[in-house]
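Protein sequence lines correspond, in order, to chains F and V.
Residues in the first sequence are numbered from 5 upward in steps of one, following the numbering used here.
Residues in the second sequence are numbered from 5 upward in steps of one, following the numbering used here.
Honestly, the hints are just simulated from the structure, not real lab data.
We treat Cβ as the ideally placed atom computed from N, Cα and C, and that holds for glycine.
It cannot be assumed that every hint is accurate.
In silico DSSO-like links for lysine-lysine, alpha-carbon gap of 27 Å or less [to be verified]:
| hint | chain 1 | residue 1 | chain 2 | residue 2 |
| --- | --- | --- | --- | --- |
| 1 | F | K12 | V | K77 |
| 2 | F | K221 | F | K165 |
| 3 | V | K57 | V | K177 |
| 4 | F | K77 | V | K165 |
| 5 | V | K58 | F | K77 |
| 6 | F | K57 | F | K33 |
| 7 | V | K177 | F | K71 |
| 8 | F | K184 | F | K194 |
| 9 | V | K71 | F | K71 |
| 10 | F | K77 | V | K57 |
| 11 | F | K71 | V | K50 |
| 12 | V | K77 | F | K71 |
| 13 | F | K165 | F | K12 |
| 14 | F | K58 | V | K77 |
| 15 | F | K58 | F | K204 |
| 16 | F | K77 | V | K12 |
| 17 | V | K71 | F | K57 |
Rough simulated footprint, nothing fancy, chain F against chain V, three-plus residues with beta-carbon under 8 Å [said to hold, decoys possible]:
| hint | segment |
| --- | --- |
| 18 | 66 to 77 |
| 19 | 100 to 106 |
Number of protein chains: 2
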Amino acid sequence: MRNNNRAKRAIVLLSGGLDSAVTLAVAGKQGYDCYCLIFDYGQRHKREISSAKKIAVAAGCDYRLVKIQFPWKGSSLLDDRIKITQSVAARRSGDIPSTYVPARNIIFLSFAISYAEAINASAVFIGAHQEDYSGYPDCRSEFFRAFRPVVAAGTRTGVQKGNIRIVTPLIDKGKSRIIKLGQRLGVDFKLTWSCYGGGKRPCGKCDSCYYRAKGFKEAGLKDPLL
Amino acid sequence: MRNNNRAKRAIVLLSGGLDSAVTLAVAGKQGYDCYCLIFDYGQRHKREISSAKKIAVAAGCDYRLVKIQFPWKGSSLLDDRIKITQSVAARRSGDIPSTYVPARNIIFLSFAISYAEAINASAVFIGAHQEDYSGYPDCRSEFFRAFRPVVAAGTRTGVQKGNIRIVTPLIDKGKSRIIKLGQRLGVDFKLTWSCYGGGKRPCGKCDSCYYRAKGFKEAGLKDPLL
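Chain F on its own, in the form it takes in the complex:
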């Protein structure tokens, strides 16, 4: 049953990975009527997209797909010619992994805010977390804190109805805590997809596979994809 109360409508950014699946479950648990937003941005791991759709459907939620063709590259996730580096090595050298997509979360959040305005939602949920592997500047809490005044100053909603909340329920959680939380909330991890490679089964080698495996191990659970 749809909730027309603005206070209880939320946009949830859904990548198809387990973090965003858990985030959707958290938003639902908090009583939000969730509208999922999925991006097809030319990522190598297209499988993510079908996973995201399945996760939305399993949760009984509407979803919208935004297609973006980046007319520039600058990331190994968009460009076959750039090698997918291991973030562990990148972090040791103080660098940011090659999988960083220029300004990706700024763009994704912007679309989420637009969608929130269009359907009169009061919150946007995003499953970013600053621990673990990413080393991405746009997954840190200081980035999300900085984004809030933009919405307050730069949107009709912010000016007329009060701000749209940007909610990051996983921001300080590690992978194993996220997995345990998801299990408690009944997330079907079989529907999620994490691998950066484009294969039919997880490659087991990329950062995303590595941290997923580590997370399940530390949580004392078995990954249903393996």
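With chain F fixed as given, assemble chain V onto it according to the hints.
Relative to the frame of chain F, chain V by itself:
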């Protein structure tokens, strides 16, 4: 001749209207090697897009076109069923015009920042101005001021190389001053397109036509499109 110096590369958001054409001329005058960014976002006034391309080519600049399909509406510029209201009336009633597109400039700036990161540019120019007709929250200087910390915290460039400047050279100028400035800089206004309608000639009735005509009149110049 291409300038490889980061400090002198800029992204210029180009709509095809006269404000962004003047902004491109300003950036060029300041010595920037300009890379234009044009959006096809389902706007009624498609003619804008071909105008933008012509303006970029006339200035000898590269351009990139980003296609966005908004899977939601919420604006008369995207939805034929919503009447294009006159902003003068809207402003009198304290409202925001129906032509407001949810979070449009947040989205456009986000792509510009991504492009800047991908080609290692140090500045983004946008021709927004808060005077005159718009009444759009995302054309105000407080919005642009709020955006800067997002870039500083949320991008690889911001973290590693110093911020990407967001430059709004027209922010406090009225239409007639913008037109006079463009004339001094040699902008060919015949290439620009302002009308919100989708016709072959300016409708003469929409806000954009109204303020353009007023601007030319106050500048003591003739609009070459009429």
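Violated hints - listed by number, lowest first: 2 and 7
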